[in-house]
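Visitor: Below, each chain spelled out in residue letters.
There are 4 protein chains.
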Amino acid sequence: MHVIDQMLDSYPKDLGGVDQAALSKCIAACRECEQTCVACADACLSEDGVTELTKCIRTNLDCADLCTTTGNVLSRHTGYDANITRVTLEACQAACKSCGDECESHAQMHDHCKICADACRQCEQACADVIAKL
Amino acid sequence: MHVIDQMLDSYPKDLGGVDQAALSKCIAACRECEQTCVACADACLSEDGVTELTKCIRTNLDCADLCTTTGNVLSRHTGYDANITRVTLEACQAACKSCGDECESHAQMHDHCKICADACRQCEQACADVIAKL
Amino acid sequence: MHVIDQMLDSYPKDLGGVDQAALSKCIAACRECEQTCVACADACLSEDGVTELTKCIRTNLDCADLCTTTGNVLSRHTGYDANITRVTLEACQAACKSCGDECESHAQMHDHCKICADACRQCEQACADVIAKL
Amino acid sequence: MHVIDQMLDSYPKDLGGVDQAALSKCIAACRECEQTCVACADACLSEDGVTELTKCIRTNLDCADLCTTTGNVLSRHTGYDANITRVTLEACQAACKSCGDECESHAQMHDHCKICADACRQCEQACADVIAKL
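Residue numbers (this note's numbering), protein chains in the order written: chain A, -17 to 116; chain B, -17 to 116; chain C, -17 to 116; chain D, -17 to 116.
One chain only, chain A, in its complex shape (with noise of 0.2 Å):
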């Protein structure tokens, strides 16, 4: 999402020397993880082996709520508040780490299960980067 990188060159204000490249590919992370997240818990629902996935459904949908979530955080820059960002990123990267962990383990039987693990690791991934640098 170019529009990302736009409205973040076009905010009014100082951004607070944060780490524009890394902050804005985290939330494109967290957006990408988000809509995956939402996918997965759903197709999940709609297999035949849907007793075996239920703890893969469950943790879609919190993976899912908190990439929302840290996508709003990162996404605003008035009041500035570090330490909000810095526990919003590490319940986000908590969250990926466990649905990418679930999602892998059925990854050879789901391809939404392969896809929505590279989109965790990838948003895990984006915010340790981001909290490397506050």
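Careful, some of the hints might be misleading.
Because identical chains cannot be distinguished in the list, a pair is counted as satisfied if it fits within a single copy or across any two copies.
Said to hold, decoys possible - Straight-line distance between alpha carbons at most 30 Å, and here's what the computed DSSO-like set of lysine-lysine pairs gives:
1. -5 with 79
2. 37 with 7
3. 115 with -5
4. 37 with 115
5. 96 with 79
6. 7 with -5
7. -5 with 96
8. 7 with 115
9. -5 with 37
10. 96 with 37
These are calculated hints, taken from the structure and not from any lab test.
Model the placement of chains B, C and D on the given structure of chain A, informed by the hints.
Guide: Coordinates of chains B, C and D only, in the frame set by chain A:
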């Protein structure tokens, strides 16, 4: 987000006669508009002339919420209910119309409103296109 | 939630001729239905007969998203736009109708579906009451 | 919301040694704080002195997002992952602390900030109580 199509392709059951190209485009437009509206609300909040932008901020927040919800609803296909899809799209379309109009009226002064107005127009149209094919 | 009325009373401007009692009741119903639908989706997911409940889970998730968004939209009064309010309420009403019907069909087997059906019916009615007074 | 306990009681499997009273209280506090923060952001936006309240609005929006997500995560028990629960609660606790501090600093001037500060303090404590018992 090419993952939107990858996830639609990996859905294990039939998508139910939906126009996949229109659906995919609309989900992408919802995610982009969600992101832009969250960022535009915050950019408006940091403008010196925030007192002139309070209606814009409010409409941004409504539009962001509706785009998130619509992106989620459109990403679920299990137990498809055309009625929920239709009214959700209509609500999103109306919010994008209002937010696009509001942002457009500030587009010459604020780049973030110009970018956001474009995202709203695209999402409004994408919703209309899916509705036309339901 | 008595804080809903406290917050409406402390709003610094005029609420714009809205029926405050109907509004307050509808916000409370949206929050209760949001909570119940999130919990019912998860309870269904843990039932041994989850394969019979996949449509119920999906409808729960849609209804939860729409109740969250509607509770948010109804809690904003700045730059009031009756059109967004109306279509959002109509979408919420439709989701509550679908989810109430679906949960009711499982109410004799699952207490969580019975409780959730009641919350959906109350929210559906509360949305209709606000719409009637717009 | 007495439905929170009704839904916890109707969950078909074991809740996994969680302290149900603390959990129920925390979910209720999250929903109340979510509602109060959404409403406080909008009330601040309608104040004549909105320019003094932009940090408050931003913190309200972050806190609302985190309370919604935390209320959702705490309402899911399928495939329970204590690690996600813990970091989500820590993020919510931090957002409630920041938002409570910010709102408290405006509590003498604005009733909505006073009510919201109270809701944030209660939610911060409720999160701490669940964390202490994990």
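Visitor: Confirm or reject each hint.
Guide: Results of checking the hints against the structure:
no.: 1; hint: -5 with 79; result: between (34 Å within a copy, 25 Å between copies)
no.: 2; hint: 37 with 7; result: both (28 Å within a copy, 25 Å between copies)
no.: 3; hint: 115 with -5; result: within (20 Å within a copy, 42 Å between copies)
no.: 4; hint: 37 with 115; result: between (33 Å within a copy, 23 Å between copies)
no.: 5; hint: 96 with 79; result: within (14 Å within a copy, 35 Å between copies)
no.: 6; hint: 7 with -5; result: within (20 Å within a copy, 33 Å between copies)
no.: 7; hint: -5 with 96; result: between (40 Å within a copy, 17 Å between copies)
no.: 8; hint: 7 with 115; result: within (13 Å within a copy, 34 Å between copies)
no.: 9; hint: -5 with 37; result: between (43 Å within a copy, 13 Å between copies)
no.: 10; hint: 96 with 37; result: both (16 Å within a copy, 24 Å between copies)
Taken one by one, the earlier hints all hold for this structure without exception.
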